[in-house]
Amino acid sequence: MSPSALHRHPAAPTPSGATGPVHRALHAVDSDVARLTGRFHGDLATEQWWWSPELHALYGMPDGSTLPGAQLLLAHVHPADRPGVQEALAVACTTGAAVTREHRVVRADGEQRTVVLACEPETDASGAVVALAGLVVDITEGRPPQPADEHVHQLETEVEQLRSAMASRAAIEQAKGVLMLLMSCGDQVAFDLLAHISSHTHRKVRDVAVAIVDSASGRHPLPDDVREILHDASPPGRSV
Numbered sequence: 004m005s006p007s008a009l010h011r012h013p014a015a016p017t018p019s020g021a022t023g024p025v026h027r028a029l030h031a032v033d034s035d036v037a038r039l040t041g042r043f044h045g046d047l048a049t050e051q052w053w054w055s056p057e058l059h060a061l062y063g064m065p066d067g068s069t070l071p072g073a074q075l076l077l078a079h080v081h082p083a084d085r086p087g088v089q090e091a092l093a094v095a096c097t098t099g100a101a102v103t104r105e106h107r108v109v110r111a112d113g114e115q116r117t118v119v120l121a122c123e124p125e126t127d128a129s130g131a132v133v134a135l136a137g138l139v140v141d142i143t144e145g146r147p148p149q150p151a152d153e154h155v156h157q158l159e160t161e162v163e164q165l166r167s168a169m170a171s172r173a174a175i176e177q178a179k180g181v182l183m184l185l186m187s188c189g190d191q192v193a194f195d196l197l198a199h200i201s202s203h204t205h206r207k208v209r210d211v212a213v214a215i216v217d218s219a220s221g222r223h224p225l226p227d228d229v230r231e232i233l234h235d236a237s238p239p240g241r242s243v
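In my numbering, the protein residues as written are 4 to 243.
If you are wondering where the hints come from, they were derived from the structure by calculation, not from laboratory data. Beta carbons are placed, not taken as given, at the ideal position from N, Cα and C, and that holds for glycine. One thing to keep in mind: the hints can contain errors.
Straight-line Cα separation of at most 20 Å, DMTMM-like style, residue types lysine to aspartate or glutamate; simulated pairs [said to hold, decoys possible]: (1) K207 <-> D217; (2) K207 <-> D190; (3) K207 <-> D195; (4) K207 <-> E231; (5) K207 <-> D227; (6) K207 <-> D228; (7) K207 <-> E176.
Distance windows between CB atoms, simulated [unchecked claim]: (8) D228 <-> T143: 38 to 46 Å; (9) V192 <-> S68: 31 to 39 Å; (10) A78 <-> A100: 21 to 29 Å; (11) D227 <-> G113: 52 to 60 Å.
Construct the entire structure; sequences and hints are all you get.
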């Protein structure tokens, strides 16, 4: 998909789980990051985009009032910062590399805010970029004056936290898919099972999800306590 797809208005369905189990899991993984963050997801093949209510609020727009997309996101970037943001998104689309960019945005009411954009490309089996998932964090408030190198270090730490949150969401989504296939269950039941395993094994939901995905791909065997719970929950005739 050419980076030019970033400049077309797409449709705007809400991805499966965006306001359900995965949304709750993101808060469980890192509630502080989730509260500060507006999220987006764009499918480059179908040109369908989703923005979280927090991202609409960050740009000063009522949720559902417009069709979300990359073109609208870029329209809210301060004109002086827009070329850099466009370049970052183009790099993500063409190379598959994760990108971050600090820049200013102009809200619908004219107010300027300073944000950090963190964009994580999603690829298919061939390595081609098929979607962009990202976070936009408002960092305008609560930043006391500090030396430039300290500011850079703090920004790098925040970006790493955002990338960790995105990686957690991807692992949880993949593990849910494995459980839905294994248990012949739906999205909600799969997430509830992840939460149940997490509670009874004293592991984070993300760690349980990674263990299940690694086992399904043959990289590592399931931990014994996780395997026992899945065995008990499996339908008759299904092996874990």
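Okay, the hints, checked on the actual structure:
{"no.": "1", "hint": "K207 <-> D217", "result": "holds, 15 Å"}
{"no.": "2", "hint": "K207 <-> D190", "result": "holds, 19 Å"}
{"no.": "3", "hint": "K207 <-> D195", "result": "holds, 13 Å"}
{"no.": "4", "hint": "K207 <-> E231", "result": "holds, 17 Å"}
{"no.": "5", "hint": "K207 <-> D227", "result": "holds, 16 Å"}
{"no.": "6", "hint": "K207 <-> D228", "result": "holds, 14 Å"}
{"no.": "7", "hint": "K207 <-> E176", "result": "holds, 15 Å"}
{"no.": "8", "hint": "D228 <-> T143: 38 to 46 Å", "result": "holds, 45 Å"}
{"no.": "9", "hint": "V192 <-> S68: 31 to 39 Å", "result": "holds, 34 Å"}
{"no.": "10", "hint": "A78 <-> A100: 21 to 29 Å", "result": "holds, 24 Å"}
{"no.": "11", "hint": "D227 <-> G113: 52 to 60 Å", "result": "holds, 59 Å"}
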